[in-house]
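Asks: Residue-level listing of the chains:
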Amino acid sequence: MTDTFMGYARKDGRVGIRNQIAVIPSVFCAAKVAERIAYQVPGCVYFRHPVGCSQVGEDLEVTAKTLIAIGKNPNFAGVVVVGLGCERFSPYELAKGIAPSEKMLETVVIQEEGDSLAAIQTGSKIAREMQQIASRQTREEFPVSELMVGLNCGGSDMTSGLIANPALGYASDKLVSQGGSSLLSEITELIGTEDILARRAVDNEVARSIKETISATEEKLRRQTQNSSNKARTHLISKGNYDGGLSSVVEKSLGSMKKSGNAEFCGVIRYGHQPDKKGLFLLDSPGHDGEVSTGEVAAGAQIILFPTGRGTPTGFPGIPVIKITGNPKTYIKMKENIDINAGAVLNQEKTLEQVGEEIYQEILEVASGKHVKAEILGHDEQFCVTRLP
Amino acid sequence: METATQTKKGALVIHPDDNVAVALSDLKKGEKCSVRLGESEQWVTALDDISFGHKLALCPIGKDESVLKYGEEIGKMSEVVNTGGWIHTHNMYCERGLK
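So the sequences go chain by chain: X and Z. The first sequence begins at 1 in our numbering and counts up by one. The second sequence begins at 1001 in our numbering and counts up by one.
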């Protein structure tokens, strides 16, 4: 028998764990109007970003794919697209991309409404109505195979690779073994482990893709570090890492990799794309906390699992971010921000497996409606679309 | 129970294949520490001062032999280390180019 959770059925067959209205600007010029609409109608979330115009080629393409995919994420019951009217990434293209999800969807264009106040009024009325319709939907029981979690760590210290990440790996493995999905990313933090990760690939093609993805990132970093005139900016492994007991880049990357447990990799996903099956995937994204989470939510993740040794308060609009620390001191200091104290392993009060099970149970509870601390406090800093040079 | 967990010096083994453990508190040379892997426990005496988060050998590891953590090679020894000895950049090297 597989575990279950209580979620919201979507018309495209996906399952959401939250039921909010997303207000998404197609361009940065519409950001304030989107924000004001969300403030007028509590329960809406908005997505401030600095992109959508003066971009070309693959960079603009990734922006477009990502914003569309955020709109399609099943955690949102409806989407209000807000455009300016003259931007490169048209609000109508954004809405057209989201439309196949068959969720509630309307577009407000500032230059067509007349001015920002008129656009705020129109958008607020639309959002109000969507919110009322969404409020009638109730949760239903679904198998955990409908869940996709994004793995992402930040503000790491030596307890992350030692305790929080391996414990999270246990939880990820348990979800994947029941048909669920999990995303490992932060390619910059995986350099040196490509052969190890490739051994976990489901077939040779995936193995090759894993190696290519990591070596492409390494090449890019090598070019960037060679171009730097500042020697202090050329190391992937910092003095703090060495002082903390890490002796090689492979050791550091292994700690990061352990978030994904021991499951097989089914494939590699490009930024802004979604997997076409279930299981564990590698998402091609640089290591920036926000860019990683955004890529994972675009891929379809309903929850982000976030180990943090030093402690960070950040969250994501409409997507619960479960904070896990392996450092018991951080848990005490930041208990208003951290959800799970994996530091109990450090104090020798619990085993890694016990904390891993605790994380897994928290995933089920949060999927069924329990709010995480970042959600309650309104943290939404992690929405951040990646840019290509 | 509470006092026992506070006074017992510990180290953690991450994977059954590992030949190192990670110190969970600062260890003094000659101090005995409890090394845990899941539910099992063994006692190892620290041969050096070993800081919190640093590695100690669980068995003798020869020159150019692999140092295993997470069940994988993180580098090789540049000199022999005995059980309980500190392993770090002074006696371990990694052939991986990017630092």
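Calculated from the structure, these hints are not laboratory results. Mixed in with the good hints there might be a few duds.
[Stated by the list, open to error] The list that follows gives simulated cross-link-like pairs (lysine-lysine, BS3-like), each with its CA atoms no further than 27 Å apart:
1) X:Lys329 with Z:Lys1028
2) Z:Lys1032 with Z:Lys1008
3) Z:Lys1032 with X:Lys335
4) X:Lys239 with Z:Lys1029
5) Z:Lys1028 with X:Lys239
6) X:Lys350 with Z:Lys1063
Asks: Each hint: holds or not?
Replies: Structure-based check of all given hints:
1. X:Lys329 with Z:Lys1028: holds (22 Å)
2. Z:Lys1032 with Z:Lys1008: OK: Lys1032 of chain Z and Lys1008 of chain Z at ~9 Å, within 27 Å.
3. Z:Lys1032 with X:Lys335: violated (33 Å)
4. X:Lys239 with Z:Lys1029: With Cα atoms ~24 Å apart, Lys239 of chain X and Lys1029 of chain Z stay inside 27 Å; holds.
5. Z:Lys1028 with X:Lys239: Given that 27 Å is the threshold and the Cα spacing comes to 23 Å, the pair holds.
6. X:Lys350 with Z:Lys1063: Judged against 27 Å, a Cα distance of about 36 Å means the pair is violated.
Going down the numbered hints, you'll see the structure goes against 3 and 6, while the others check out.
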